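As a plain string of letters, each chain reads:
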Amino acid sequence: MIKLPIAEPSFIRTPDANAREVFHSFSRGLCPSCKRPVDGVRVIRDGKVYLRKQCPSHGQSEALISGDVDWFLRSLTFIKAGSIPLSYSTPVDRGCPNDCGLCPDHEQHSCLPIIEITNHCNLECPICIVQNKHNYEMSVEELGKILDGLVAKEGVLETINLSGGEPTMHPQFFQLLDMAVAKKEIARVSISTNGLRCASDPEFCVELAKRGVYVSLQLDALSNPALRVLRGTGDHRAARERALDNLERAGVRTTIVSTVAKGVNDDKIGECVELLYSRDFILSLMFQPAAFTGYGGAHFAPHNPLDVMTIPDVVRAADQQSGGKLKKSDFLPLPCSHPSCFALTYLLRTEDGFVPFPRFLELERYMDILANRGTIRPDESFEGAIRDTIDDMWTSAAQVPDGAKILASLKRTIHLMYPEERALELEERLRIGEGLVKTIFVHAFMDVHTFEVDRIKKCCTHYALPDGRLMPGCAYNNLYRDRDPRYAGETGTPRIWTK
Amino acid sequence: MRLKGKRVLVTGGSRGLGRAICRVFSAEGAKIAFTYTREPESAEKTLSELNEGKAYRVSVLDVDGTAAMVLELESAWGGIDVLVNNAGISQNLPLALLEEADFDRVMNVNVKGTYLTSRAVARGMMRRKSGVILNMGSLAGERMIEAPIHYCASKAAIRGMTEAMAKELSRHSVRVLCLAPGLLEDGVGKNLPGYRLTDYLAHVALGRVGTLDEVARFAAFLVSDANTYMNGETVVMDGGLG
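Chains S and X, in that order, give the protein sequences.
Heads up, the first sequence stops at 504 in this note's numbering, and the numbers go up one at a time, no gaps.
Heads up, the second sequence stops at 568 in this note's numbering, and the numbers go up one at a time, no gaps.
The reader is advised that the hints may include incorrect statements.
Said to hold, decoys possible - Stretches of chain S that chain X covers, calculated by requiring three or more beta carbons in the stretch to come under 8 Å of a beta carbon on chain X:
no., segment
1, 385–396
2, 407–419
3, 425–434
Said to hold, decoys possible - Short, incomplete list of chain X residues facing chain S, as computed with Cβ under 10 Å:
no., residue
4, R341
5, R364
6, P366
7, E367
8, E370
9, S416
10, L419
11, E425
12, G450
13, P519
14, A552
Derived by calculation from the structure, the hints in this document are not laboratory data.
Since this is a predicted model, take the numbers as computed values, not measurements.
Ideal Cβ positions, reconstructed from N, Cα and C, are used throughout, including at glycine.
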């Protein structure tokens with residue numbers, strides 16, 4: 006037997022290795038100048054991950070893609086096979102990302118279709134990821150075609166989102182909303198809004214509640230200085246607080262969406278978490294590290310692609326600013342999209358607060374549970390995971406912090422979702438579950454600096470267009486939006502709110 | 327009209343299978359009295375489906391209330407011919423979360439309640455040397471299936487109680503039977519997740535769950551005068567579970 010020499014650590018470790026640049030992998034992104042697909046590499050430097058690309062015409066460019074190499078490397082193990090849609094709209098021709106619609110090379114179906122029903126908006130946010138031209142309102146016929154197309158491609162849909170522009174400015178808003186709500190194949194309809202109409206019109210919130218609509222309320226912070234940098238002039242704080250009050254009074258199930266820009270509101274993450282914890286009608290919180298596309302791509306300054314917020318930066322800030330409520334280890338990458346695009350944690354309501362699921366449930370063992378939706382479905386995977394967890398915790402209760410409290414909460418959850426006096430329909434059970442579990446998401450959109458082809462191939466957040474195409478969100482924003490025939494023509498007259 | 331003139335008491339008759347039994351028995355010509363504990367509106371709905379009915383808000387664990395109800399029915403009707411012990415509950419709890427109070431509650435309602443009501447009603451039946459007691463069991467008490475252990479234990483206990491009671495009361499010409507349905511369109515089975523229902527149905531020869539009316543119609547036969555030679559049996563009705 007040949008005995009190989011064993012290398013001593015001193016032979017294979019390079020002094021100051023952590024400070025040196027290390028090649029990680031090849032990638033393919035966009036040239037930030039001409040937006041052509043170009044080859045690149047991911048390199049690790051100073052504990053962070055950077056994307057470096059080489060454009061034949063415009064030379065080298067570099068951007069930060071992960072603020073924590075440990076998070077980045079671990080996230081790559083969060084992979085599961087995607088689900089393909091029932092049909093595609095475009096053939097494979099020029100190669101990703103130039104065949105979008107979806108083409109058969111795409112590796113994930115549409116988890117969350119977004120329908121932009123208008124490009125009118127009453128804000129002109131410096132950080133906006135789209136470029137509103139104030140010249141388009143979706144027709145009833147167009148929405149009908151989109152909804153039919155979505156059902157044809159997906160069969161049934163967990164959620165669709167009506168967006169804009171500001172969707173509540175559409176003159177036929179409720180007519181369009183009712184069309185979506187009436188579609189029996191669609192379980193939930195949400196709207197993305199800046200909240201100005203919710204703030205000024207309590208009856209509008211009541212109408213949303215009557216229809217069971219979910220609201221994604223854009224709210225980056227609770228203080229005006231940060232909000233004005235991101236959203237422009239006006240007393241945004243007062244408007245957002247009125248919107249929150251009106252939504253709460255009407256009982257509208259709400260998600261807070263916070264765009265986080267480095268040096269602007271990255272110190273406000275804790276107050277958003279506090280808002281989620283303190284108000285029952287807020288079911289989830291979505292942090293979106295700022296991406297610099299659309300209006301914001303051209304207007305937001307200063308923007309240094311080497312010093313931006315990434316998912317692990319948001320997670321770290323949540324750990325530091327939440328007073329112990331959240332830890333870095335409470336968050337997990339989402340495996341059904343690309344793990345660099347989403348992270349999340351679920352929070353179980355207990356008698357005196359919330360406990361993040363990963364503190365008692367080994368979510369990494371049950372990746373099927375992780376999905377980019379606010380509701381945990383009581384399916385086979387979830388039931389199996391919960392039953393394993395209950396048994397594990399019960400047999401080792403003394404070793405799990407708050408074990409008894411968590412078991413009591415799980416029992417209460419079962420009693421509410423499976424009451425002894427009557428059987429519930431699945432949807433009713435899900436609604437009860439919404440009051441017992443909250444979710445925090447971190448969704449990293451890509452701009453021309455951070456765009457990567459392998460991420461876009463697994464994108465499950467798609468814009469649904471009237472021509473039948475489903476456009477992966479970041480491909481559309483970076484490469485297709487300015488060619489969308491709906492928005493061609495002269496820029497209309499904006500009606501900007503400046504109170 | 328298989329139950330023409332029969333005087334029937336059904337426990338837990340305001341919803342689900344209990345309501346179906348009341349309705350079908352009434353259509354077969356019986357006078358119906360039923361108990362309920364929670365929703366008066368549901369009891370009203372059951373009453374509205376009966377030709378002749380009385381509703382009593384009394385728990386099967388309320389000994390005095392049950393005695394008063396039986397006394398009132400005996401006075402009004404001159405006797406009770408049929409008792410259907412249908413009231414029952416279940417809780418979807420794994421062993422780890424199943425505490426003593428949970429176990430006691432299910433056993434109390436399902437087992438002790440059956441015993442207490444039977445005892446109150448059997449007294450008159452024994453005196454008149456006539457009567458039928460039908461206990462509602464469950465497949466969960468007959469087969470090794472995934473269901474809460476206290477519920478399964480309670481339904482297995484009902485089977486045992488049925489046999490002992492049948493033996494003891496046979497000398498008074500009172501028959502005692504147990505009907506054990508599989509999953510039905512309503513009731514405890516309705517809380518099953520879809521994937522578990524699919525798995526269950528894959529093993530059912532008829533490929534579907536039972537309806538409440540199917541069970542109620544068979545129950546009507548079991549307690550009728552057409553059925554004179556069954557006693558102490560537990561009849562499983564599950565569409566052919568393999």
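Taking the hints in turn, this is what the structure says about them:
Look at the segment 385–396 of chain S against chain X: 5 of its residues bring a Cβ nearer than 8 Å to a Cβ of that chain, three or more, so the hint holds. Figure legend: the segment 407–419 of chain S, annotated as covered by chain X; annotation consistent (4 residues with Cβ-Cβ distances under 8 Å, at least 3 required). Here the segment 425–434 of chain S counts 6 residues with a CB under 8 Å from a CB of chain X, which clears the bar of 3, and the coverage holds. Taking 10 Å as the C-beta contact cut-off toward chain S, the hint placing R341 of chain X at the interface holds, the least distance being around 7 Å.
At a threshold of 10 Å, the smallest CB-CB gap from R364 of chain X to chain S is about 6 Å, leaving the interface hint in force. Checking P366 of chain X against chain S: minimum C-beta separation of about 14 Å lies over 10 Å; hint violated. Violation of the interface hint for E367 of chain X is found here, the shortest Cβ-Cβ separation to chain S being roughly 13 Å, above the 10 Å cut-off. Interface hint status for E370 of chain X: violated, as the beta-carbon distance to the closest one in chain S is roughly 17 Å, over 10 Å.
For the restraint placing S416 of chain X at the interface with chain S, the shortest Cβ-Cβ distance is roughly 6 Å, inside the 10 Å limit, so the hint holds. A least Cβ separation of about 6 Å between L419 of chain X and chain S falls short of the 10 Å threshold, and the interface hint therefore holds. With 10 Å as the threshold, the beta carbon of E425 of chain X comes within range of chain S, its nearest partner Cβ sitting at about 8 Å, so the hint holds. Of the supplied interface hints, the one on G450 of chain X is violated, with its beta-carbon coming no nearer than about 31 Å to a beta-carbon of chain S, more than 10 Å.
Hint on P519 of chain X holds. Least Cβ distance to chain S is approximately 6 Å, under the 10 Å limit. Proximity of A552 of chain X to chain S is violated relative to the hint, the smallest CB-CB distance being about 33 Å (cut-off 10 Å).
In this structure, the hints that do not hold are numbers 6, 7, 8, 12, 14, in rising order.
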